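**Q** Protein chains in written order, with the numbering used here: chain A, 1 to 478; chain B, 1 to 377; chain C, 1 to 350.
Hints may be right or wrong, so weigh each one.
Claimed, not checked - Between beta-carbon pairs, the in silico distance windows are:
(1) B:8 <-> A:25: 39 to 47 Å
(2) C:148 <-> B:93: 30 to 38 Å
(3) C:144 <-> A:188: 51 to 59 Å
(4) B:93 <-> A:326: 55 to 63 Å
(5) C:165 <-> B:162: 35 to 43 Å
As the list claims (entries may be wrong) - Quick look at which bits of chain A chain C covers, simulated, 3 or more residues with Cβ under 8 Å:
(6) 411 to 421
(7) 424 to 430
(8) 448 to 461
FYI, nobody ran anything at the bench for these hints, they're computed from the structure. These figures come from a predicted structure and were not determined experimentally. Glycine residues also receive a C-beta, built at the ideal position from the N, C-alpha and C atoms.
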Amino acid sequence: MFLGDISAELSALKGILGHSADLNIARIRINGVDCAVVSIEAMVSTLAMSELVFQPLMSLEGGDKRTGAEIMRFCTDESLMTNNKVICYTHDKAVGLLFSGFALVLADGVPFGTALGIQGYAARSVSPPLTENELFSSQEAFAEVIRTNISLIRRRIKHPALTFEMQQCGKRSNTDVCIVYIRGKADMSAVAEIRRRLSEIRLDGVLGCGFVKPFLENSPERLIFSEIGTTERPDLLCLNLMQGRIGVLVDGTPFALVAPYLFTQNFETVDDYSVGSWFAVFVKLMRMLAFVLAAAFPGIYLAAVNHDPEMLGLKLLLNLAAGEKTTLLTLFTELVVIMLLLEILREASIRLPQSIGTAMSIAGGLIIGDTAVKSGIISSPLLIIVGITATASFVLPAFAQQITVLRLTFIFAGGFAGFFGISVCAVMLTANISAQSFGGVPFTSPLAPLKKRQIAGVIGRKDFARLENETTTTKDLT
Amino acid sequence: MKRIYFFLITALLGLIYYTAGSPMEIADRVMVHAVGIDKTTEGYSVTLQVFSPEGGGTEGAFDPTRPNVSLVAAEGSCVSDAVHLCEEKLGGRVFIGQNRIILFGKGVDLSDEDRLFGYFLSSAEAYLNTECAAAENTARELLSIPIPSGALASEKFEEMIASSKERGCAVNCTLMSLLEAMDGGSPDKCVVMPQFSKPKSGSPKDSGDEKKQLTEDSGLLLDKGCIYMDGKRAGELDAKEMGLLGMINGSGDTVYTETEQDGLMLGKTMRISERAVSAEVNGGRIVIRVDCRTVPKDDSFFPDERSRESSDRKAAEKLTRTANELCEKLCLEYSPEAAGADRALRRYLPDLLRSCTGGMGALYGRIELEVTVADRG
Amino acid sequence: MNENSENKRISPYALAALLVMTRLFALSMYVPSRGENAALTAVTGLVISLLKLPLMYGAARLSAKAKRRPMIYGAMTAFAALVFIAVCADAFTDMLESLYPERMTKAAAAIVLILVCIYTASMGIEGTARTACIMLGALAAVMVPILFEMRGSMLTDRLDLFSPAPIAECTRSAGQLLRYFFDPLIFAVLLPYAGGADADKTTVSRAVKPYLIADGLITCVFFLMNAAVMGRFFGQSSYAFFTLSYNTHGSIIDRANGIFTCVSTIGAVLTLSALMLTARDGIKLTGLAVTRGRGFGITACAALAGVAFLAANGVKPAASAPAVSLVFAGFLIAGAAMTALGGHERAKTA
């Protein structure tokens, strides 16, 4: 608790912060009253500090004699220094606000401090999305600063029912986490459940939405696909909010979480609403096909070639047989090796500096691909399979993790046990997906349970005429 | 259950792989795409046309301008033994799943099912609708003919049967229909197969001149059908008779005929648009009626509507006449089973069949086949 | 919100989808008798589908008052389900071994199959039923074009109802069709999940009618296709389902026997999962306190032990399928009658 002795307060703050080098204390006397402005280095804007704090305070010097309380009243009630003023009675609260870019004004003899929000820390500005590119939609993505993200959402939904609830997560990081929903559309029991789960996070540090996500999922140790979605697009989050879903923003990460998220939503983009509904159907089916190609095609190919070669046409089979006769490894081994190489290349391309990205493409394509075929390590038909699989996997970045692992799983299943293996794998995977739900909304809705009115949204996009007359919430999916 | 179990159970599929006998890789398989079966004194001689890629290296798998085949033959007491001997010669496992054609030589008895078809039926790879055809002399002779066009020599057999059938000059016989005829309970085990032969003249010269070879025909002739009864060759049908037979027994979609137009004989391929079968007992005779309606497949240019109608009518009349002649020939010389009489009896006169103590064979002598072909008008 | 509630409902249509998958499995295991006429079998199948109607309504009546099911009912249900699991696992692994003799061993396939079914069943009735719905749609989308492409091999002249002894043949076919007659048992036990403790007539008819229509349609199409494609040869084929697959010749996929293997496998997994859920519910009704995982574990171990014991003594579980089916169908009829007459029961909560 603040007691009013400014020296003692400053010593206490130094003690709490461990005499940290980034603690800035500016002590001044205003009309004989000892005052101090405390801030954290590089968390506040120097310009704003001088214009909005120092100048108004210094204007009191030489004027009417004021007590410490009067100086503090000037800061809280008699001036518009900033629009974000918080009165702190405890050191803990003060420290929390200092770390959030507030400047703390203290006056001797006053048992509280006034925190003024003049954030000026370095932050990345709003930039185009990296993982969810669209052609006809907004080119803004979320940024690391939660307040900026809030403004991106508020700009798009100018309705008083849009609600933001802020809370802190992480025992040491005290990261700002914001629950966003539209009152009247979102299921309030689900909101309450999310609030409860966030408050029960006992991690030391919450450094991104990936730290929060497992705590929101039901049985995260069981899931292959998460019922909590992730997006870096504000427009997509707003679309989900208007469908009655709940968003969770985490400070320091340019992604938002969405709950409940359906399996079929991973095939949806905002561009679907920018093109004709007939084209949206086509594109969605292509995405679903891409998912199957990316995850299961190599395994199915292996099962067909090794276990049931009569499934393939004669010419194709002869080409494959001729190709495999000259290679060193068995088809199964070739496929596993090339898939692992593909993943190594993909991982390298993410971590590489852009300047040598081209060199990596040449290394990957020419050296590994072309030379490997010429030297007989792998066969050329296999390269086509790998090319199709790799291309298809880039269609759905949301499924990158699952596709990578499932692809290898299906390869093992198909290689070991043919179509029996593929089938059992597919059934187990489907059962795993089908058993999930969040807030009473099954993950496989509206396919199973079948919701006829929502099916149009799965295989394509509802006509705007229909969207005009319908209001959809998550209750329609239960 | 936790996610880890999903992956563990999938990994356990390896138990199936590693406890299995001898899992075969695609590279270890020998692709057979034509089988020829000839009768020998001790059993059967099997000739296999196998895929043998020539050239291409690793850029392209094989060179499609070359035949890419090699022949291997062996003899055994049954087809299965002979094929296994072929495997020993080839040093790999025969893959019969993409076999295109089975050719039967002259002396082969199709009713010897176990020794003849046991190999195909015991393999889960075999395609039961593989084309079957008869060879005029030996199957080996036909499979030895070098067919320069296309990468796969055996496709020529299929293509010739398909195009003749489309023209209305052949019927096809699949392994399934052959098995059904031999083992389906019909008394005469009658089946009709297209017959391939070598042309008497004009077989490709062994000049080594590739260009000249490419311009010559395939060296095969398909202009007859072979009729089998009780598994043995009983006679031959010409191309037109085969087409008519397809119309009568329902296995064909088209039929070929020739009609006179302005003093010229014109060939017409007619598509069978409707076909209805009925059977009744009439004065002690079993009359099986086949009523068809045909439309010309390729319409020639006619100066007016009347000429077209006249041409269609003449074609229909000619077809009626020739079909009934064929039916008479079948009933007298062979068996009405070739025309589908067994199916008609089962379907339309089951009570008669059930009441007949001698079985279906006893009824064949009383069968009359009547075919009526109407034109589209 | 309790995400793991045992009382969550599934749609009656989802239950129907699950039952359809069990029928697909049963059809894929069908072995015709020598000289059998497939068209006649189609008619027999249709009649059996119709006869299932009163049986399933009776089974529904039996399960309707879930609170009053006696312990003996639970024990019989669990035992019946275990027997059927043994029968189905034995039959399916036999089939796999015969189709892929060089690539499958029966023991390994059985172990994997049972584990897969435990995993699927552990996802609960919701997971299993929704999986059935999704898989049914996917399989229909794949199979319909394949079957459509077979029309070139079909000859409608081969379709006839002739048989030298039709009654005997129909009886024989009926016996074969009833080999895997556990639909009423599964229906009776899982119906409360579709309609709660007091499943009303609408719920029951929503589950029964689509199932019986689908059953009749699939049976008809399957056997008539067999008749049109294979004619009299149908009677010589083992596993008619796969013999039909050897006649397929598609434009994208040449031979579809791998697809047919998928259909059969998916049907087998869902069938066994449904039976495991049935057995688990039966065990719970006996009063044994079992967790979900333990219940499935007990079921699977008991089934495997049973198969191993019988196999060691030269008894093939698959061969006893028709007799077992009829015994438990009779049990269901008797149970329904007892419930209807207000027979002697002890109050027991599920």
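**Q** Each hint needs a verdict: does it hold in this structure or not?
**A** Structure-based check of all given hints:
no.: 1; hint: B:8 <-> A:25: 39 to 47 Å; result: violated (59 Å)
no.: 2; hint: C:148 <-> B:93: 30 to 38 Å; result: holds (33 Å)
no.: 3; hint: C:144 <-> A:188: 51 to 59 Å; result: violated (45 Å)
no.: 4; hint: B:93 <-> A:326: 55 to 63 Å; result: violated (18 Å)
no.: 5; hint: C:165 <-> B:162: 35 to 43 Å; result: holds (41 Å)
no.: 6; hint: 411 to 421; result: holds (count 4)
no.: 7; hint: 424 to 430; result: holds (count 5)
no.: 8; hint: 448 to 461; result: holds (count 3)
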